[in-house]
Amino acid sequence: MGHLVTLPILLPMLGAILLLLPPCGKNLKMRRALSQAFALFTLIASLVLLMHSATNNIEVYALGNWSAPFGIVLVSDMLATLLISLTSFLALCCITYASAGDDEKGSFFHPLMQFLVMGVNGAFLTGDLFNLFVFFEVLLIASYSLLMHAGDKHKTRSALHYVILNLIGSSIFLIGLGVLYGVLGTLNIADMAVKVSQLTGDDIALAKIGGLLLLIVFGLKAAILPLHLWLPKTYSSALPVVAAMFAIMTKVGVYAMFRVYTIIFGEQAGELAFMAQSWLWPLSILTIAIGALGVLASEDLRKLTANLVIISVGTLVAAISMHSVMATAAALYYIIHSTLMIAVLFLLADLISVQRGKASDRLVEGKPVAQPYILGGGFLIAALAVMGMPPMSGFIGKIWLLKASSQINGTVIFWPVYLIASFVVLIALSRAGSFLFWRHSNNEATKEVAAPLKTNVIITLLLCSPLMVIFSGPITDFTLAAAEQLHDVNNHINTVLAISNEGVKS
Amino acid sequence: MEILYATCVGVLVTCGLFLILRARTFPVVLGLTMMSYAVNLFLFASGRLNSNQAAVLGQSTQYADPLPQALVLTAIVIGFAMTAFVVILSIRGRADLGNDHVDGIIPNKNKASQREIR
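Taken in order, these protein sequences are the chains called W and A. Sequential numbering from 0 applies to the first sequence in numbering that gives the first Met the number 0. Sequential numbering from 0 applies to the second sequence in numbering that gives the first Met the number 0.
Please keep in mind that the hints were generated in silico from the structure rather than gathered at the bench. The beta carbon of each residue, even a glycine, is placed where N, CA and C say it ideally should be. Heads up, a few of these hints could be off.
[Stated by the list, open to error] Computed Cβ-Cβ distance ranges for the label pairs, DEER-style: (1) 62/W to 50/A: 30 to 36 Å; (2) 57/A to 27/W: 52 to 58 Å; (3) 91/A to 229/W: 14 to 20 Å; (4) 68/A to 1/W: 30 to 36 Å.
[Said to hold, decoys possible] Each computed SDA-like pair below joins lysine to any residue, with the alpha-carbon atoms no more than 20 Å apart: (5) 154/W to 94/A; (6) 232/W to 151/W; (7) 154/W to 2/A; (8) 154/W to 105/A; (9) 446/W to 232/W; (10) 152/W to 68/A; (11) 152/W to 106/A; (12) 154/W to 83/A; (13) 152/W to 40/A; (14) 357/W to 477/W; (15) 154/W to 90/A; (16) 152/W to 75/A; (17) 232/W to 104/A; (18) 232/W to 101/A; (19) 154/W to 98/A; (20) 152/W to 36/A.
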């Protein structure tokens, strides 16, 4: 496969640079076309990688041909390719949606979006912790600017909070990396996994400190309980299409937890084995509970969706803390489902708030929407999927996760909390739906009909949910294989370190 | 040297944290800058402290670990960009919100002026 592994990072970067150059910088039509084209290319490259990883072992690409413990490697295993495909697909949808008008509301929307995709894809592909930090920063600085897109007063305030919090997070990340490097002498994930098991004496305590510092950072990015307070305000104040793209960003934090606490501090880490899981288990359950309360308390649809993000993160982190192959596979299925459905809810909130005029997307009486069938139907499907009702994809993810949790001793706590949270989501979403679509003051509907491009994107995203049910066989097979690959730490270590040794010989 | 170095990092982190908790944008920016200095020093020390050792092979009998120096360089560049961004954002926040409090509302002021700001 060779250099193909770099394409999901290089293509968006190239796209972003081209979009900044004169012919595209001035011409809106060209900028939109080019941005969509590059998003499409990235998606194709990611899908090719996905196909490749499904049939082959882990693919390792040594950047600059520097061998693994010394140079930076890109590791394309099934988990990474699944997530970059998801990112690229979501990016294509969001860019297309924004091309119907939202990109004009501020400057540099398309280049920033491409940089965001580059950062997210890079974070998923890299096999080096410091490189992970760099890609985190790339995606963060793009997200800071996107958050300010079409900004007003309230955006400035939430952006300020978001930026300051993440800068502190970056400092903690670096301190954690410094501690780990000082103890282990390497930052390559596979090599760290080898070195962690050989630690003795006080070094174990130091490595534990470093690992838990990283947990704080990933927890901040993923928004788990004590560090989730920034999320509802930030996501609900962002432009909905940007918020839809941000649906993948909390998953970057979750992914980093998967990588670090399964491979480095996984089962073969000696005394440090599964050190984060005991923290994550109670926190994840509390996160689900607090997210459910937030969903009930939300006064508009965007805030409600932002709180749904918190519930989904709690669910995923609970799956991490179960550290079994089945839980991981269920979590991967759930990641695809929840990212797409939360994105579509943000986009629907955008259309609804435009069409309801002054009432916006607040849960109060307002004008009837101009397209009740498309928006109402879309909302119904998305809501059914998110709350996990039978015909939609959420149901499979939920059942699978509950089944995985019954294998460990967590059933007594996890089942009630999770099921009650789902019930609360059901109540909140039905209340929201009836306010938005049924309770109107007697005014005429607005004439504002959504651009066909926007509704098409929404329909495409919505279709994913039934498709994920119809093709749940192949998808679950894939996520199971991906989870097995992730938990097979020895294979990961051997592949990453061996391939680079061959590179040295040749 | 170790004690001096550790004290430096510790004092910088303490000052940084104190300033960040001031909740005014200017002290917060200063605090973030101090934190990033402390972090850079800390990262540098992760390759062990030693003097008279070059980071290049063959230049001295013992050599220093070159990787932390590369990491620090990267961290400095990124920290610089982020600081520039947060400075601009704070200026915009000062203009948009009418004061330099991170929440946009100054606590313990009479309610009339708060309403005005909103």
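- Message: Of the numbered hints stated earlier in the document, which are not met by this structure?
- Response: 7, 9, 10, 13, 14, 16, 20
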